[in-house]
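Residue numbers (numbering that gives the first Met the number 0), protein chains in the order written: chain A, 0 to 326; chain B, 0 to 326.
Hints in this document: simulated from the structure, not taken from any laboratory.
Note that the structure is predicted; figures quoted are calculated from it, not measured.
A few of these clues could be false.
The list cannot tell twin chains apart, which means a pair is met if one copy fits it or any two copies do.
[Said to hold, decoys possible] No more than 25 Å apart at the CA atoms, straight line, and that leaves these computed lysine to aspartate or glutamate pairs for DMTMM-like: (1) LYS34 / ASP5; (2) LYS309 / ASP154; (3) LYS219 / ASP5; (4) LYS256 / GLU220; (5) LYS323 / GLU220; (6) LYS102 / GLU41; (7) LYS309 / GLU87; (8) LYS2 / GLU129; (9) LYS37 / GLU129.
There are 2 protein chains.
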Amino acid sequence: MVKLTDVAKKAGCSVTTVSRVINNYGYLSEATKNKVHKAMAELNYQPNSVARSLQGKKTQLVGVIFPSITNPFFGELVEKIENELFKEGYKTILCNAANDKEKERTYLQMLMANQVDGIIAGAHNLGIDEYKKTGLPIVSFDRKLSDNIPIVSSDNFAGGSLATETLYKNGARHIYFIGNPVLDGHPTQKRLQGYQQKIQELGLTPHVHPTKFGESLELKEMAIKELLQFHHVDGIVASDDLTALTVWQVANQLNIKLPQDLKIIGFDGSQYIQNYAPFLSTIVQPTSAISELLVKLLQERIAHPNDKLKQITYQLPIKLLNRKSCQ
Amino acid sequence: MVKLTDVAKKAGCSVTTVSRVINNYGYLSEATKNKVHKAMAELNYQPNSVARSLQGKKTQLVGVIFPSITNPFFGELVEKIENELFKEGYKTILCNAANDKEKERTYLQMLMANQVDGIIAGAHNLGIDEYKKTGLPIVSFDRKLSDNIPIVSSDNFAGGSLATETLYKNGARHIYFIGNPVLDGHPTQKRLQGYQQKIQELGLTPHVHPTKFGESLELKEMAIKELLQFHHVDGIVASDDLTALTVWQVANQLNIKLPQDLKIIGFDGSQYIQNYAPFLSTIVQPTSAISELLVKLLQERIAHPNDKLKQITYQLPIKLLNRKSCQ
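All chains, full assembly: derive it from the sequences and hints.
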């Protein structure tokens, strides 16, 4: 690692002068500035941001905590968040929290110890208290953490409703919802509420077939097989695209005629699913807008950590991608 | 943020005593140690690692630079690397370098400024010099950077050979390779070499249909359409699973009978492809072993940055996942 003394030696001046140039402090001639900048460039010297952070400046590090980037939706979201943060001069510390409470807790402690400037949280394991304890600026995706943490999400209610309506318009009358059946106040649960309200409006009977986020694929397949074999179902609203793909696969194994006898719609609509599962209808979340807003709100919290929030909940519009699986 | 003075106040002792407990320095009674630890726990105080890093200790940060985590293979690999680093007490700074040279260069500068302890590099944009300049411990995935940087990769040659043999055994005789046609000394290019040697052994004619990594999906589809419409082809070795999925989709659009008239095999075999593209045959890279080895080698470089390398190239075994697309 190149040191301040190396720059000073190369530039033919004192360490104090180099330090003054870097911190733009005190009188310096243009010639001196040029000499020092030239030496810094030649040696590829980077002012030490660790040292700067001790002088009360920011570390320009942001912790990004999400369940798993191997889910294509979270992968896309984290990539876009990382890009947005990069544009604003921040680096991303990635934490895949999976379903591991202990890992998420340890990460929060590590992030505090490393003095990140803030956290973008999209994981599902911990409650309000652990995040509050950090004393750091936080914004949340799709998850209610506390009254003083802004939440960004898609309009999940409209999505659940639109998915249900799409199946109905294409002829389905026995429409099931597959996903987490618990209504615990988090934004994603509004997909189920949107389904329920639309089903009621249409005069149909609601059916919720529970599966758990993070459950093994084998268990999910078993539950879906049971549903397709022993229930009268001709339409499925899946809580996410991976569940929808699993329904599609199980239905194929059971030789159910798709989409004639069973119509399926997913949720999330990542670019990956748009490109590589070209048959699947889905509700598309606006990942670019979500990422931009999360980073914008975090920057506001970093700049004014003690301001009272003007708005806590932000909902971004979804759209329908209607393809073969619904027709 | 809780300060040392808060801990001292809570514990009823001086700041110096608290500092001694944290740094385990000088004589301290058990009673004093207990008081301070209790106060730290109650206030959730974290010793400031930024301050510690200035005392010449490590930051426990590692930069991880890969093309894009929205590719399921890289997503899985980065997630596993993050997990391995976490187990060893490191945090991951994520950089999606995409095909953006300028971004990768800026990241390297930022990583130096932030004094990461090392870098795991899997991106494809920059040459040796930029990485050398950092003066940091580096290990590389699938990419030759310099004689002093260890490279971990799968046995790409065996993979290319096995893929070709698998198509042949299942009856294909006009076997094309789709991927990057340039042989530039990087490990991934050995897939093509493995294909070429096996084709020669089998007494067949080699055909390489060039596509570029990072090319838009539309261009790739157009190139594949041209291949399938105007060439006599009954088997395809794709350089990666996403290209294989695109071949599958284009063949479907052209009403080619799969797999009777066209057999396809991919490369990478991420868990995602195993689960959600259940028809696709592929060569599986051992992502867990790759991640473990990358982190292990990086730790060795961090501990002994100036040691001469005993070994530069590490190759891990691949395996065949043979499914519907080859039968």
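Taking the hints in turn, this is what the structure says about them:
| no. | hint | in the structure |
| --- | --- | --- |
| 1 | LYS34 / ASP5 | within (13 Å within a copy, 45 Å between copies) |
| 2 | LYS309 / ASP154 | within (20 Å within a copy, 56 Å between copies) |
| 3 | LYS219 / ASP5 | neither (61 Å within a copy, 50 Å between copies) |
| 4 | LYS256 / GLU220 | within (18 Å within a copy, 28 Å between copies) |
| 5 | LYS323 / GLU220 | both (22 Å within a copy, 20 Å between copies) |
| 6 | LYS102 / GLU41 | between (42 Å within a copy, 20 Å between copies) |
| 7 | LYS309 / GLU87 | within (23 Å within a copy, 41 Å between copies) |
| 8 | LYS2 / GLU129 | between (39 Å within a copy, 18 Å between copies) |
| 9 | LYS37 / GLU129 | between (47 Å within a copy, 18 Å between copies) |
When the structure is compared with the earlier hints, a violation turns up for hint 3 alone.
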